[in-house]
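Chains as they are written, first to last, in the working numbering: chain A, 1 to 182; chain B, 1001 to 1131.
Hints listed in this document are in silico derivations from the structure and should not be mistaken for laboratory results. Bear in mind that the values here come from a model prediction, so they are computed numbers and not experimental data. Each statement offered as a hint is correct.
Chain B is nowhere near these chain A residues, computed Cβ spacing over 12 angstroms in every case:
#1 A8
#2 F61
#3 W70
#4 N77
#5 E127
#6 N151
These stretches of chain B come out as covered by chain A in the derived footprint (C-beta under 8 angstroms, 3 or more residues):
#7 1022-1030
#8 1037-1044
Idealized CB from N, CA, C, for every residue including glycine.
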Amino acid sequence: MEDAELAALAQAGDREAFGELVTRYAGPARRVARAILANPDEADDAAQDGFLSALRHLGRFDPERPFGPWLLRIVANAASDRRRRRKVRTAMPISPDLPARQPGPDVEADKERLREGLRDALATLPERQRMALVLFDVEGYSHREIGEILNIPDGTVRSDVFHARRALRELLAPWKDWKEQG
Amino acid sequence: MPDASPFDHRPDRELGDALRQALSDGNDARFAQRVVAAADQVYGDLGANLQWWSTLTEWARPGLVAAMLVIAIAAFSAGLWVGRGSATAANGSAVLGDPLGSDSQQLTVPVLLAGRQVPDVDEVLSVALRR
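Whenever a hint applies, use it, and build me the whole structure from the sequences.
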């Protein structure tokens, strides 16, 4: 069933339809929230706020347009609001000893260390660049769709993605095997 | 990473996969259950609003009819009062009458001839035209 049909059913009171929408978009919504809020619990709270806010305002959803960008915009706003409310989060740079460590026998521990390094590197980027990068490279949205989600021109999205990638590349350069580890 | 230039706009699959793993914890199903459970409260609120709205809608039509009846009765009553006022005004004007007309009805040729003074031109014309 299409997202728009599920949204119409959910608006009419069908809880299972809403549950299906949540299941479909739980991953992207949580990742977008985590790109803004480093604390996973806080990010999940923001993602939940976004879903519930979307449910309350399903009447404003245009079924002629894709549901995902509409929902993720609400989630992103909820996460940004939370971030603003608790003041500026101190961006933690990548731990200096992280790149120096070579993958050891404990592969899982190394992978987790790399994930932590990626999260920390992501946290050093401006919020908009983070979101543009995650929405483009992780969630696969187009520049135009991301522009609608973030309410910025397509060209700005392209620029943000470019600068975010370059910054991440520099931050991850010492971690030579990050591709293999990921 | 393939983006050697800002003009390379292909998704970076390697970076995307790495970031996806870094930002995911595999508990999406549990999260979905939590959101659906929280949605019950929202549905409850929406249901209460819908109930309020449906009650208002049910009463809207009879209420509108009643209001129209009241307005019609009020308009009819006001119309009667206006009508009475108009009639009174019309009677008043009839009482006042036309002074020239009432005078000219009393004027006749013998009266004019019997008068001591020379009759006014208007009075002569009035008598002549009546004939």
